[in-house]
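*Asks:* Sequence:
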Amino acid sequence: MGGKQQGGNSSRSYGWHCSVRIGIASRQHLADEEYFEASTFVQSSSHFISAGTSHQHQSVTDYAKPNQGTSHYQSTLTTVSTTEHLPPSSDQLDSMLGNLTADMSRQGVNTTQKGCCNACDKPIVGQVITALGKTWHPEHFTCSHCNQELGTRNFFERDGNPYCEPDYHNLFSPRCAYCNGPILDKCVTALEKTWHTEHFFCAQCGQQFGEDGFHERDGKPYCRNDYFDMFAPKCNGCNRAIMENYISALNSQWHPDCFVCRDCLKPVTGKSFYTKEGKPVCSACAGADEDE
1 MGGKQQGGNS SRSYGWHCSV RIGIASRQHL ADEEYFEAST FVQSSSHFIS AGTSHQHQSV
61 TDYAKPNQGT SHYQSTLTTV STTEHLPPSS DQLDSMLGNL TADMSRQGVN TTQKGCCNAC
121 DKPIVGQVIT ALGKTWHPEH FTCSHCNQEL GTRNFFERDG NPYCEPDYHN LFSPRCAYCN
181 GPILDKCVTA LEKTWHTEHF FCAQCGQQFG EDGFHERDGK PYCRNDYFDM FAPKCNGCNR
241 AIMENYISAL NSQWHPDCFV CRDCLKPVTG KSFYTKEGKP VCSACAGADE DE
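For the sequence shown, counting from 1, position 43 maps to 43 in the UniProt record's numbering; every step adds exactly one.
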């Protein structure tokens with residue numbers, strides 16, 4: 001190597017003499033610092049953050065409750081109405097009354113009917129369910145998935161079909177990326193996925209995120225402390241994560257406060273410094289003039 005060694009004092013074993021240049025530089029310079037010339041730069045940790053990682057914020061929205069509508073899927077929650085005309089009757093009696101009404105109408109006798117059932121297409125006489133702009137026999141107004149009677153309970157609508165609440169959420173609600181369960185209330189949207197609010201937390205420590213948001217790495221969310229502790233470059237002086245500005249020198253990164261003389265522990269602030277055992281040594285401790 002052709003670097004400049006400390007001269008005039010053969011009893012010292014200090015290494016290369018290095019000039020210091022302060023400025024902003026990209027991290028690629030680290031591979032080019034042969035002979036340690038102009039090898040010290042003040043840099044920002046933003047270089048590290050932008051290298052394939054990002055700081056993000058999650059969004060929290062209210063998903064559908066039974067009495068709030070389901071705008072996520074352009075569906076509407078409707079409460080059915082029941083109109084009482086005759087005492088409750090069996091399917092057979094309803095059918096007989098329907099046929100009787102039809103016969104009387106053909107003979108010119110005025111009768112009152114509440115339309116035809118959307119399920120069986122027979123006239124409705126007696127109790128009637130009105131929902132989704134249609135009429136139904138009460139026993140025929142059922143969940144499109146499990147076929148249980150909906151009666152006057154709240155229900156969800158999808159593509160014109162009624163669903164009970166459990167089936168609707170199991171079939172159509174967004175799924176939590178952590179537990180794969182349906183999301184029924186508040187929904188966190190982050191990393192192009194949906195989560196229960198209680199299941200969106202740091203992949204390392206398990207703490208939920210506050211207003212500061214989170215950092216992403218390989219598709220996983222991390223809090224700021226764990227993210228920098230696990231992935232940020234480490235200071236060659238204290239071996240702790242570098243979270244803000246740093247000095248790049250001697251093929252390593254340093255907190256500005258940690259880039260100190262190996263012998264006197266004072267900050268290396270001159271125009272040049274020496275090295276010993278991979279550590280910086282100020283000109284005073286090396287017995288040299290800074291202008292050398």
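For the record, the hints were derived by calculation from the structure and aren't laboratory data.
Some hints here could point you the wrong way.
[What the hints assert, rightly or not] Simulated crosslink set (EDC-like; lysine to aspartate or glutamate; CA at most 20 Å straight-line):
(1) Lys134 / Asp103
(2) Lys122 / Asp103
(3) Lys234 / Glu277
(4) Lys134 / Glu149
(5) Lys186 / Glu211
(6) Lys220 / Asp185
(7) Lys266 / Asp229
(8) Lys276 / Asp263
(9) Lys193 / Glu157
(10) Lys122 / Glu139
(11) Lys186 / Asp159
(12) Lys220 / Glu192
(13) Lys186 / Asp167
(14) Lys234 / Glu244
(15) Lys234 / Glu211
(16) Lys122 / Asp159
(17) Lys234 / Glu198
(18) Lys193 / Glu216
[To be verified] Here are the computed distance ranges between Cβ atoms for each label pair:
(19) Cys264 / Glu198: 29 to 37 Å
(20) Leu265 / Lys186: 14 to 22 Å
(21) Arg224 / Cys179: 53 to 61 Å
(22) Glu149 / Gly206: 39 to 47 Å
(23) Glu198 / Lys134: 18 to 26 Å
(24) Asn170 / Asp218: 27 to 35 Å
(25) Gln56 / Glu149: 17 to 25 Å
Note that the Cβ used here is the ideal one computed from N, Cα and C, for glycine as well.
*Asks:* Each hint needs a verdict: does it hold in this structure or not?
*Replies:* Results of checking the hints against the structure:
1. As the CA atoms of lysine 134 and aspartate 103 are separated by approximately 24 Å, the hinted pair breaks the 20 Å bound.
2. Only pairs whose Cα atoms come within 20 Å are accepted, and lysine 122 paired with aspartate 103 is accepted, the gap being roughly 13 Å.
3. For a cut-off of 20 Å, the pair hint linking lysine 234 to glutamate 277 stands: about 18 Å separates their Cα positions.
4. Restraint check: the Cα-Cα separation between lysine 134 and glutamate 149 comes to about 16 Å, which is no more than 20 Å; the hinted pair holds.
5. The hinted pair formed by lysine 186 and glutamate 211 meets the criterion: a straight-line CA distance of about 17 Å does not exceed 20 Å.
6. Distance check on the hinted pair: lysine 220 and aspartate 185 sit about 23 Å apart at the alpha-carbon level, beyond 20 Å; violated.
7. Between the alpha carbons of lysine 266 and aspartate 229 the distance comes to roughly 27 Å, so the proposed pair goes past 20 Å and is violated.
8. Of the supplied pair hints, the one linking lysine 276 and aspartate 263 holds, its CA atoms being roughly 10 Å apart against a limit of 20 Å.
9. Of the pairs offered as hints, the one joining lysine 193 and glutamate 157 is violated, with about 24 Å between alpha carbons and a cut-off of 20 Å exceeded.
10. With a C-alpha separation of about 13 Å, the suggested pairing of lysine 122 with glutamate 139 holds against the 20 Å cut-off.
11. About 24 Å separates the Cα atoms of lysine 186 and aspartate 159, which puts this hinted pair outside 20 Å; it is violated.
12. Restraint check for lysine 220 and glutamate 192: the C-alpha separation of about 11 Å stays at or below 20 Å, so the hint holds.
13. Annotation: proposed proximity of lysine 186 to aspartate 167 holds, straight-line Cα distance about 19 Å (limit 20 Å).
14. Restraint check for lysine 234 and glutamate 244: satisfied, since their Cα atoms lie roughly 11 Å apart, inside the 20 Å limit.
15. This hinted pair does not check out: lysine 234 and glutamate 211 have alpha carbons roughly 27 Å apart, beyond 20 Å.
16. At most 20 Å may separate the alpha-carbon atoms for a hinted pair to count; lysine 122 and aspartate 159 exceed this at roughly 23 Å.
17. Proximity of lysine 234 to glutamate 198 is assessed by CA-CA distance (about 32 Å); at most 20 Å being required, the pair is judged violated.
18. With a C-alpha separation of about 13 Å, the suggested pair lysine 193 and glutamate 216 falls inside the 20 Å cut-off, and the hint holds.
19. Judged by the Cβ atoms, the range 29 to 37 Å given for cysteine 264 and glutamate 198 is violated: they are separated by roughly 53 Å.
20. The hinted range of 14 to 22 Å is not satisfied by leucine 265 and lysine 186, whose Cβ atoms lie roughly 53 Å apart.
21. In this structure the hint that arginine 224 and cysteine 179 lie 53 to 61 Å apart at CB is violated, the actual value being about 25 Å.
22. Distance hint check for glutamate 149 and glycine 206: the Cβ-Cβ separation is about 44 Å, which falls inside the suggested range of 39 to 47 Å.
23. The hinted range of 18 to 26 Å is not satisfied by glutamate 198 and lysine 134, whose Cβ atoms lie roughly 40 Å apart.
24. For the hinted restraint 27 to 35 Å between asparagine 170 and aspartate 218, the CB-CB distance of approximately 31 Å keeps it satisfied.
25. Restraint check, glutamine 56 to glutamate 149: a C-beta distance of roughly 46 Å breaks the suggested window 17 to 25 Å.
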